[in-house]
Structures are given as structure tokens and as C-alpha cells.
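Residue numbers (our numbering), protein chains in the order written: chain A, 59 to 615; chain B, 804 to 942.
Among the hints, erroneous ones may be present.
[As the list claims (entries may be wrong)] According to the in silico footprint, chain A covers these stretches of chain B (three or more CB under 8 Å from chain A):
| hint | region |
| --- | --- |
| 1 | 812-826 |
| 2 | 875-882 |
[Unchecked claim] The list that follows gives simulated cross-link-like pairs (lysine-lysine, DSSO-like), each with its CA atoms no further than 27 Å apart:
| hint | chain 1 | residue 1 | chain 2 | residue 2 |
| --- | --- | --- | --- | --- |
| 3 | A | K546 | B | K860 |
| 4 | A | K488 | B | K837 |
| 5 | B | K883 | A | K466 |
| 6 | B | K883 | B | K860 |
| 7 | A | K192 | A | K524 |
| 8 | B | K883 | A | K192 |
| 9 | A | K79 | B | K883 |
| 10 | B | K883 | A | K473 |
| 11 | A | K480 | B | K883 |
| 12 | B | K837 | A | K80 |
| 13 | B | K837 | A | K73 |
| 14 | A | K480 | A | K466 |
[Claimed, not checked] Listed next, with one range per pair, are the computed distances between beta-carbon atoms:
| hint | chain 1 | residue 1 | chain 2 | residue 2 | range |
| --- | --- | --- | --- | --- | --- |
| 15 | A | R547 | B | A894 | 22 to 32 Å |
| 16 | B | I882 | A | A364 | 44 to 54 Å |
| 17 | B | A916 | A | S309 | 23 to 33 Å |
| 18 | B | D906 | A | G293 | 57 to 67 Å |
| 19 | A | L489 | B | K837 | 22 to 32 Å |
| 20 | A | S542 | B | A894 | 24 to 34 Å |
Keep in mind the hints are simulated off the structure, nothing from the lab.
Because the structure is a prediction, the values reported are computed rather than measured.
Ideal Cβ placement from N, Cα and C applies to all residues, glycine included.
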Amino acid sequence: MKTGIFICHCGHNIKHTVDVKKLSAYFRKISGVTVSEDYAFVCSEPGQDLIKESIEKHDLNRVVVASCTPGLHGELFKDVLRKSNLNPFLLRRVSIREHCSWVGDDIEENTEKARRLILSALYGASHYVPLEEKVVDVTKSALIIGGGVSGLSAATFLSRMGMHVYLVEKEAELGGHVRSLKNVWPIGQDGSTIVANMVKDLESSENVEIFTSATIESFVGFFGNYEAMLKTPAGETKIIVGGVVAAIGFSPFDPRLKPELNYGKDERIVTTLEFEQSKDILVLPEKPRIAILHCVGSRDEQIGKAYCSRVCCINALRVGDAIKDKYKDSYVESFYMDVRAHPKGGEEFYEDTQEKGVLFTRSNIAEIIPTPKGLIIRGEDTLFGETFEREFDLAVLSIGMSSPEDSKLIASLLKITLDKDKFFLEAHIKLRPFDTAVKGILIAGSCSGPKDVEESINHGRASALKLYAFLNLGYAIVDPFVSSVDPKRCSGCRMCETACVANAIKFNEEKRVVHVEEAACMGCGLCNATCPSSAISLRGYVDAIIDDEIGALLEAI
Amino acid sequence: MSQDKAEKNPEIIGFACSYCTFKASEMAGSLRLKYPDGVKLVQVPCSSRVDPAFVIKAIFEGADGVFVAGCHPGDCHFIKGNYFTRRKIAALKEMFDAFSMNDKLRLFWVSAAEARRFVEKVTGMYNEIKERKNVRKEN
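Whenever a hint applies, use it, and build me the whole structure from the sequences.
This is the structure in C-alpha cells:
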């Protein structure tokens, strides 16, 4: 074994709390270690050259880089090995920055911990074998789930860039919730017009297939070659796609979950969506008294919706604005917690509605009591600290956004995760807001959290752009960490077959042994840990590697 | 490390899943959250990769405590790997119970975003084990 150990100072980050000189001197004496160096910044160009030169000069066959976390610069060091004609899977990274120097203050203890971590990497890496990176072809096509504004904008972008696009919408018509909006703030345009323009744009593109009233039955495969079975009115269709943009939108909050509001029991209690659709036909007295309730289904921990839905304040303001336009002598009172008129121009609009005469009362609403004469609203004025009861002719509930009905179903199909509110979870909320943990599966629009129309369109286009960058390469490198079976040891008990979630393990009836279909294997290692006869091993994480790592960490080797 | 110090400070081996708990530990480092240096991690692709044999091996080789940590139920990157882990560790715990060493094994769920939870869990485990160890020593 000819191992090169490179310990990074990371400027002061590691050097100040770990005695790097002592470490590199210590490892020089360990058998199997040919080179042991410490360097200010191993990730810098001179640092990379140091690794490269050492590999060439000493004919190294293992490289251990002790520095920052493996997630950072992972590909960079692999590339250094590739350029030195060494298999990139003979590299081992140890994070002595995130796991030693930044979590402890005692330099002696940190150095000891770093020593053991590097030792375990050294022993673990001794069992590494060169692995072949698999390059797979990528199908230049995309599946867009959801035909709302974000799905439409993603589909249009991708199809214009030459990708074949399959758009799946479960409803009979495209457009999602925006289609039913009569007046999209702030442009005042009819939602159906906006959607119609977007659909026209999309349909004018050649490489688009739109499936309405369609659902996804199954979804298997890996990045670049996903296979989906669609159930359409015309029957079942199989499609092969390189990647997915999931844009399944949201579900409007159902105010029946708050029974004290008596929604659904009296037709004078409506939601903002219903009000918008029926405001022209609504019969109201000459001087109507109207109550608008903010935050119905938002910022309410009792019903498990602690988040702000962002769009409902503007919706509530629009209701007040519309009533004041139609009935000059109306009495409109808005019951709010805080007004978060968040998009551009929202605050100005808030002031305008106040000037038009909409009253704003900071309050908590206890209940709405329907009586033959009117609706009695009981609540607490949180500025004066006193309770009130007032009578109205109409109550409009500004409902928030809940996670889409299908979020659980789609998440389990696509193998992506949900957050605590059952919206889709981003890979990283700031750095990778469009990605999921699964490569090639992106999310767009309000299925990852409340968004307004403009944001949804932006989000859709951004996800599409990101997917385009993945797919346009035409190939993908797949991690070779898959399981393999030693047929001589396999007893044919088929326990692994039952355990495998990916259905990658197939049983050969004739030989009475199993084998792994590498393309389907996800690399979790469950079969490895399940097999009673140790016939299956997960490449890169074989038993010997983990055993020796444990031993080295405890200094038992 | 002196003999005395080695006796007092427990050694804890943690098996951390790459997608959640290992990420949380990286984040704990980036946030400069402190936790005892006796806690050392072995990275596994999924908590289901942890063969009970690894846990036993770690105990045999001198670990005072072992934990297996992965994504929250339902959040497994490999769909239901952590359900298998849960079953396996539950069975292993019964065995540990029989030898009165149930305090040595723990299973907990820490998502990638829960750096603070990671630190709380490992520090809690470390302190409890340390306390027991010192009590045993005095007796």
C-alpha cells in the first residue's frame, strides 16, 4: 500500500485548533504511508499540484485528504486523481474541520480526534478498489407534473430549448388555480387570459405532448432515464424522460377545519376565491356591512399551519378594494394579525385601501355566529385588549395555501421528501432552492411553499433552466456504489429480495441464487446488512472498510 | 492520552447516514456548535447499511456507547431503509437488555437541517454514559 496523506491547514481554521505538524509527522511513521504532508490550502492550485506530483513521484495508490467536509470540493480532488491517472475512487476525504477543529476548543483533544479520524480513513481506504464510473446516456426529454402557471412556464422554456416535454395535468384543463382568478393582482388581468396565453405559447412549440385528466401510475429509473407510466383517458402510455419538474401547486385551505367560523353552514360566509368568482352576481344591501378575516389557515398553530401563506393578505386587500369600488357607502372591516402585503407594490396598495375607507382592526376572531338578521362576529381587539361583537351582512375568509393534496403520493412516486408542512423539501433552502435530494428531479411553484403567481412563474422557469443544464450535457456520471452478489456464497434465501426497496435484486430460479441489477440499485446497502451469509456487498462500503474504520477509531487495530 | 483521562472519557461511535445525520454533523461543525470529542462518526450511505455486527464489534473493541442515526421515519432517501434500521436496532436492543447494557445503544433520527438536535442528542448520550461510568468506577 502506498498512501499519500495530505492534511490541510485551511488557513487558520484547522491549524489553530489541531496540531497539523504533529499529525503529518506521526503519519510518516505509519507503515503503508509513503507521503504525509501538511499544507496551507490543499484545495488551492499549488495544493493540488502537491498531490499530483506526489502521486507521480511515489506511485501512490491511495490518497487521503484530511480537510473540510467531503461535500465541499469533492469533485475537485477526484479530478486531481483523474488527472494523475489514478482511479478517483481510491480517494478518501476526512473532514477534520467540521468534525474536529470547529467542534472542540482543546488543541490536544482535537489533535487526538483528528489522528483517529485520519487513521480510520487510512485503514478504510486500504480496502478500496478502483471502481469504474459509469457514464450513462441522458434522454433529452422532461416530464412536467402539473399544468399550473409554474408547470406551463417550465414546459414552455424546455420545449423552446429543444427538449421533448411531456406535460401531465390531472384536471381536464390546464391552468391550475390561476385560471379561476378574475383579477390577478397587480395587473388586473383575468387569470384565464394569462393562462390561455401561456397555453398558446406552449402549444405553438413542436416538441410538446400534453396529457390532461392524466395521472402517473408508476415511476422508476435513475437520472437520465426515468420511466413513467401515465394513465390517460386514452389508455396507458409509457414515457421515458431524463428529468422531472414537479409543479403540483397547492390546495386552498379548507375553512371547515375551523368549525367556529361556521363556513359551509351559511352562504353568507365565503372564501376569497368564492368571492372573486361571484362578486358580480352577489346580492348585497345598498349599504352593505362586510367583514374580511385575514389569516384563515395561516399562522395558526392550533391547526398545524404555523407558516404565513404570503398571498392571502393581498387577496384580502383586493376584496376590500373591490367592495369599496362598487359600494361607496359600504362598511368594510378587515380583521388582521399583521398585514404582510409582501410583493412589489403591496404596501402602497395597502395604503390605498385604507384611504378608500376599509377599516383595519388588529384582532383575534373567536367565532362567527350566523343569525337570521346577520352574521355576528365575536373577537378580541388585540390593540385595545377588549372583546367585541359586531354584525355584518357578509364575511369573507382570506384563506391560506395548504400543501397539495397529492404531495404525499407524488413524493413517494418520485422518492423525494416533504417538509413538516407536507410541502416538497428543497435540497437546500438557500443554495439549491429548485433541486430535491434526487438528481434530475426539480420542484417548481407553490408545491414547495406558498408563492404568488409571479414567483411561481419565475420558479418554474428557473427549475426548467436548471434541468436543461443537466439534460443538455447528454450524459451523466453515476456513482458506482452499487451492490454485487458473490454467487458462491449466496444460499438463495431471498431475504435481500424482500428487503430491497428498489426491486434491484432478482432471483435466478435455475441457479437458486440472486443477482443485482446495477442500473436499478440505489446503493443503500440494506441487502448487504440483511444477507445472513455475507454474500452481498455494497461497493465502496464493504464490511471490511467499516470494520476497520470502527477498529481504528477505537484504536483496536 | 493518560490512562486516567481515557478511563473517564467515554468513547462513542456513531453510525450516521450520509443524507441526513452526517449532513447535520457537518452543519454542526460549520455553526461551531461544541460537542464532546469522544463522539466519532462512521459514515454509511443509509442507516440500514448498519449491520448489527458493526454495533457489536464497536462494543467489543471498547466503545462505551454506540448510536445509529438516520433520517426521520418517512424521510428516508431510500424510501424505507430507516424502517428496517428501526426493526433491526429494536431486536438488537433486546439482546443488549439481556446483558444489562441497554444504555450503550441508541437509535435516533436527525434530519440534515437539525444540527442542534444532533449536538443535543450526542451530548446527552455522552454525558449520561460518562456519569454512569464514573459511578461504576467509584463503586
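Hints and how they fare:
1. Closer than 8 Å: that is the beta-carbon criterion, and the region 812-826 of chain B has 4 residues meeting it against chain A, so the requirement of 3 holds.
2. Coverage of a stretch by a chain is defined here by at least three residues with a beta carbon nearer than 8 Å to that chain's beta carbons; for the region 875-882 of chain B and chain A the count is 5, and the condition holds.
3. For the hint pairing K546(A) with K860(B), the CA-to-CA distance comes to about 26 Å; that is within 27 Å, so the pair holds.
4. The suggested pairing of K488(A) with K837(B) holds, with an alpha-carbon distance near 24 Å, which does not exceed 27 Å.
5. Our distance criterion of 27 Å between C-alpha atoms is met by K883(B) and K466(A), whose separation comes to about 14 Å.
6. The straight-line distance between the Cα atoms of K883(B) and K860(B) is roughly 25 Å, inside the 27 Å bound, and the hint therefore holds.
7. At most 27 Å may separate the alpha-carbon atoms for a hinted pair to count; K192(A) and K524(A) meet this at roughly 22 Å.
8. Proximity of K883(B) to K192(A) is assessed by CA-CA distance (about 26 Å); at most 27 Å being required, the pair is judged to hold.
9. Our distance criterion of 27 Å between C-alpha atoms is broken by K79(A) and K883(B), whose separation comes to about 45 Å.
10. Straight-line distance between C-alpha atoms of K883(B) and K473(A) comes to about 10 Å, which keeps the hinted pair within the 27 Å bound.
11. Distance hint between K480(A) and K883(B) is fulfilled; the C-alpha atoms sit about 18 Å from each other, no more than 27 Å.
12. A C-alpha spacing of about 23 Å is found between K837(B) and K80(A), which places the hinted pair at or below 27 Å, so the restraint holds.
13. At most 27 Å may separate the alpha-carbon atoms for a hinted pair to count; K837(B) and K73(A) meet this at roughly 18 Å.
14. A threshold of 27 Å between alpha carbons decides the hint, and for K480(A) with K466(A) the separation of about 7 Å falls inside it, so the pair holds.
15. Between R547(A) and A894(B), the C-beta spacing of about 23 Å keeps the proposed range 22 to 32 Å intact.
16. Separated by about 28 Å at the C-beta atoms, I882(B) and A364(A) break the suggested range of 44 to 54 Å.
17. Range check, A916(B) to S309(A): Cβ separation about 24 Å, and the 23 to 33 Å hint holds.
18. One distance hint, 57 to 67 Å for the beta-carbon pair D906(B) and G293(A), holds here, with the actual separation near 59 Å.
19. Range check, L489(A) to K837(B): about 25 Å between beta-carbon atoms, so the 22 to 32 Å window is met.
20. Between S542(A) and A894(B) the beta carbon distance is about 27 Å. The supplied range of 24 to 34 Å therefore holds.
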